[in-house]
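J.: Please construct the entire structure, taking both the sequences and the accompanying hints into account.
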Amino acid sequence: MPQLDTGLFFIQYGGTCVFFFLLFFFLVFFILPQIKKQFFFRKKIKMFLFDFNDK
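Letter by letter, the sequence shown follows residues 1 to 55 of the UniProt record's numbering.
It should be emphasised that the hints constitute simulated quantities derived from the structure, not laboratory data.
Since we're looking at a predicted model, the values are computed, not measured.
Possibly wrong hints are sitting among the right ones.
Have a look at the derived ranges for each label pair, beta carbon to beta carbon [said to hold, decoys possible]: (1) F10 - F41: 41 to 47 Å; (2) Q34 - F10: 38 to 44 Å; (3) F9 - P33: 30 to 36 Å; (4) D5 - F26: 27 to 33 Å; (5) F30 - L4: 31 to 37 Å.
Every residue gets a Cβ at the ideal spot worked out from N, C-alpha and C, and that includes glycine.
T.: Spelled out as structure tokens, the structure:
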């Protein structure tokens, strides 16, 4: 098995690695919190509506 040339690897695939890292970073820190917020608010609104209808 040949030794992996890390310099050549990063020259060829470095941009791809950086792109996927940034994509993952934005997904975790910007998109997931918004989805959680929307889910939480929907749950809260549903609970409020059900409580209101029960009275």
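J.: For every hint, state whether the structure bears it out.
T.: Okay, the hints, checked on the actual structure:
1. Take F10 and F41: their Cβ atoms lie about 43 Å apart, and the range 41 to 47 Å holds.
2. For the pair Q34 and F10, the beta carbons lie near 33 Å from each other, so the given range of 38 to 44 Å is not met.
3. At roughly 34 Å, the beta carbons of F9 and P33 sit within the given window of 30 to 36 Å.
4. Checking the proposed 27 to 33 Å range against D5 and F26 shows it holds: the Cβ atoms sit about 31 Å from each other.
5. Our hint of 31 to 37 Å for F30 and L4 holds, since their Cβ atoms are close to 33 Å apart.
Comparing the model with each numbered hint stated earlier shows that hint 2 is the single one that does not hold.
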